Amino acid sequence: MSAAPRPSDASKPLIYHFREGASPSAEMRPMLEGMGLRCELFNDPRALLLSLKNTEPAICLLDFSTAKIDVVTAVLRTIRSVLGEKLPIIALVPKGFQEKSPQLFGAKGATAAVERPVVPSELAQRLSYHVVTDALAAMQTESSGGLVLEEVPTPAVVTWLLDHVVPALVKIGAYVKFFDESERQLKFYTEKLEPFQDELIEMIKKLRRREEKVDLNQTLRLYGVANTRNLLTTMAVANATVPDSFAFDAKSGMPNHDPKAIIPYAIKLLERLGGEGSRFYQIAFSAGLVFDLLNRIANNELGERKRPIQRMIEAAFADGLRRIEKGLKLGKEVDDLAMAKHIISTIMMREAGKIVMAMVIVNYPEVRKFFEKKVVSHAFQLIAEQENFDVSHNLVGALLCQAAPNLSEAFQAVLFCDVQVTLKAPGDRQIQDLAAFCRSL
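Be aware that the sequence shown starts at 1, since it is given in this note's numbering, and climbs by one per residue.
Read the hints as simulated data drawn from the structure, not as lab findings. Since this is a predicted model, take the numbers as computed values, not measurements. Hints may contain errors.
To be verified - Result set (DSS-like, lysine-lysine): computed pairs, CA atoms no more than 27 Å apart in a straight line:
(1) K171 to K100
(2) K251 to K53
(3) K86 to K192
(4) K306 to K260
(5) K268 to K171
(6) K326 to K306
(7) K86 to K171
(8) K260 to K206
(9) K205 to K260
(10) K177 to K53
(11) K12 to K68
(12) K53 to K95
(13) K68 to K86
(14) K213 to K192
(15) K177 to K187
(16) K326 to K373
(17) K332 to K108
(18) K326 to K260
(19) K206 to K251
(20) K68 to K53
(21) K192 to K206
(22) K108 to K86
(23) K100 to K251
(24) K251 to K213
(25) K187 to K206
(26) K177 to K192
(27) K187 to K205
(28) K213 to K268
(29) K205 to K171
(30) K268 to K326
Claimed, not checked - Derived DEER-like restraints, expressed as beta-carbon distance ranges:
(31) N256 to E99: 49 to 57 Å
(32) K192 to Q103: 46 to 54 Å
(33) E387 to D44: 50 to 58 Å
(34) F380 to Q218: 55 to 63 Å
Ideal placement from N, C-alpha and C gives every residue a C-beta, glycine not left out.
Using the sequences provided together with the hints, build the complete structure.
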């Protein structure tokens with residue numbers, strides 16, 4: 001059974017803690033409540049899973065420091081299969097556990113790990129990535145020596161990114177979701193395209209030259225999952241940049257935006273990296289989509305500068321694709337290189353960061369040409385960009401990663417791709433290896 005939760009302020013973030021066994025971990029409740037959080041303790045996996053069906057906590061803590069690790073692993077897999085990746089899961093693990101069991105972390109596993117015995121400041125740091133309380137903020141300040149940092153103006157590039165690109169990516173992300181089962185995928189597309197039900201049914205009738213009595217779901221099945229995805233994504237990109245611009249032509253019955261014109265980079269990257277059956281298709285499509293969005297923003301907002309920027313986008317995409325293909329070929333021979341699929345997102349988002357810099361800073365393309373002509377080291381490039389523009393392309397690329405659908409796991413690799421660093425947090429070895437590998441291409 002689960003231990004009964006104590007009465008607490010309902011406005012505080014709710015944390016679930018699961019420890020399989022006779023009794024939940026006694027020290028966790030006062031520790032979490034001291035951080036300004038509500039805590040509900042479970043020792044019965046059935047009670048935990050039943051509660052998750054009705055209540056969504058801010059974070060779930062799963063304790064792997066028990067004798068029955070297989071039970072906790074089953075709970076982790078069940079949560080991910082039911083809720084997907086949206087619920088942050090922090091694993092409480094014995095020392096060295098994460099290195100021995102890397103398969104339990106990542107896209108379909110735990111979000112992060114904290115070693116036992118739990119150090120409150122370390123747990124607070126992990127929790128603060130997902131929830132905000134005054135107590136957590138105070139602990140962060142205390143752990144930094146009590147320093148109060150002066151407010152630093154946001155760099156112009158970051159402000160522009162947050163105003164122009166991130167909101168569009170968030171809107172698009174609601175329409176770019178992938179499911180393992182084709183029926184679930186088709187149901188998702190049907191729900192999103194319901195506002196255009198009549199137009200789509202008529203369009204399919206014209207394309208097939210047959211009068212068929214079918215509903216929207218059957219219509220999309222006839223149209224094909226890939227075609228439907230491209231059409232839905234085209235609608236999302238068009239409306240995210242020019243609101244309500246997507247429509248069906250009254251005369252022809254066809255969409256007024258052609259996917260090949262609106263999302264060419266997503267389509268091309270997907271085709272070049274194996275197509276629909278590829279294990280990389282979700283990442284490839286999503287990474288290409290960022291280039292499509294930047295290309296459309298350049299076309300709509302940059303006036304006379306749009307053609308030079310669009311040529312830069314074309315060149316960056318081609319160079320990124322060349323290095324991706326080289327990296328995937330070499331990556332097959334590197335046994336310890338985890339997260340191989342993120343070679344795509346790491347390389348492409350690093351290039352996308354440079355494009356955003358060029359869209360905001362007029363002389364940035366000339367700076368890039370100087371770096372390439374003089375063969376300036378990656379580390380020096382970052383220093384020069386930081387000194388001159390208050391931000392570097394790798395940080396911009398990492399921000400894009402966190403906002404873009406399906407790419408968030410690679411943000412650290414993008415951040416550290418241009419400079420060699422030593423990361424000490426549990427599980428960061430694979431990030432470090434990925435960054436170094438992409439840097440070598």
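Evaluation of the provided hints:
1. For the suggested pair K171 and K100, the alpha carbons sit about 38 Å apart, so the restraint of at most 27 Å is broken.
2. Restraint check for K251 and K53: not satisfied, since their Cα atoms lie roughly 47 Å apart, outside the 27 Å limit.
3. The hinted pair formed by K86 and K192 meets the criterion: a straight-line CA distance of about 19 Å does not exceed 27 Å.
4. Distance restraint check for K306 and K260: the Cα-Cα separation of roughly 19 Å lies within the 27 Å cut-off, and the hinted pair is therefore satisfied.
5. For the given pair, K268 sits about 22 Å from K171 by alpha-carbon distance, which is consistent with the 27 Å threshold.
6. For the given pair, K326 sits about 30 Å from K306 by alpha-carbon distance, which is inconsistent with the 27 Å threshold.
7. For the hint pairing K86 with K171, the CA-to-CA distance comes to about 16 Å; that is within 27 Å, so the pair holds.
8. A hinted pair counts as satisfied when its Cα atoms are at most 27 Å apart, and K260 with K206 qualifies at roughly 20 Å.
9. Restraint check: the Cα-Cα separation between K205 and K260 comes to about 22 Å, which is no more than 27 Å; the hinted pair holds.
10. Simply put, K177 and K53 have alpha-carbon atoms about 21 Å apart, close enough for the 27 Å limit, and the pair holds.
11. The hinted pair formed by K12 and K68 fails the criterion: a straight-line CA distance of about 31 Å is larger than 27 Å.
12. For the hint linking K53 to K95, the alpha-carbon distance of about 32 Å lies beyond 27 Å, and the restraint is violated.
13. Simply put, K68 and K86 have alpha-carbon atoms about 26 Å apart, close enough for the 27 Å limit, and the pair holds.
14. Annotation: proposed proximity of K213 to K192 holds, straight-line Cα distance about 21 Å (limit 27 Å).
15. A C-alpha spacing of about 12 Å is found between K177 and K187, which places the hinted pair at or below 27 Å, so the restraint holds.
16. A hinted pair counts as satisfied when its Cα atoms are at most 27 Å apart, and K326 with K373 qualifies at roughly 23 Å.
17. With a CA separation close to 22 Å, the supplied pair K332 and K108 stays within the 27 Å bound.
18. About 26 Å separates the Cα atoms of K326 and K260, which keeps this hinted pair within 27 Å; it holds.
19. Our distance criterion of 27 Å between C-alpha atoms is met by K206 and K251, whose separation comes to about 12 Å.
20. Restraint check for K68 and K53: satisfied, since their Cα atoms lie roughly 24 Å apart, inside the 27 Å limit.
21. A distance of roughly 22 Å separates the Cα atoms of K192 and K206; the hinted pair therefore holds under the 27 Å criterion.
22. Of the pairs offered as hints, the one joining K108 and K86 holds, with about 11 Å between alpha carbons and a cut-off of 27 Å not exceeded.
23. With a C-alpha separation of about 62 Å, the suggested pairing of K100 with K251 is violated against the 27 Å cut-off.
24. Taking the CA atoms of K251 and K213, the gap is near 22 Å; set against the 27 Å cutoff, the hint holds.
25. For the proposed pair K187 and K206, the alpha carbon gap of about 23 Å is at most 27 Å, so the pair holds.
26. Restraint check: the Cα-Cα separation between K177 and K192 comes to about 11 Å, which is no more than 27 Å; the hinted pair holds.
27. Annotation: proposed proximity of K187 to K205 holds, straight-line Cα distance about 20 Å (limit 27 Å).
28. Note on K213 and K268: the hinted pairing is violated, with a Cα-Cα distance of about 34 Å set against a maximum of 27 Å.
29. With a C-alpha separation of about 30 Å, the suggested pairing of K205 with K171 is violated against the 27 Å cut-off.
30. With a C-alpha separation of about 17 Å, the suggested pair K268 and K326 falls inside the 27 Å cut-off, and the hint holds.
31. Between N256 and E99 the C-beta distance comes to about 53 Å, which sits within the given range of 49 to 57 Å.
32. A hinted range of 46 to 54 Å for the beta carbons of K192 and Q103 is inconsistent with their spacing of about 33 Å.
33. Between E387 and D44, the C-beta spacing of about 57 Å keeps the proposed range 50 to 58 Å intact.
34. Between F380 and Q218 the beta carbons are some 59 Å apart, a value that agrees with the proposed interval 55 to 63 Å.
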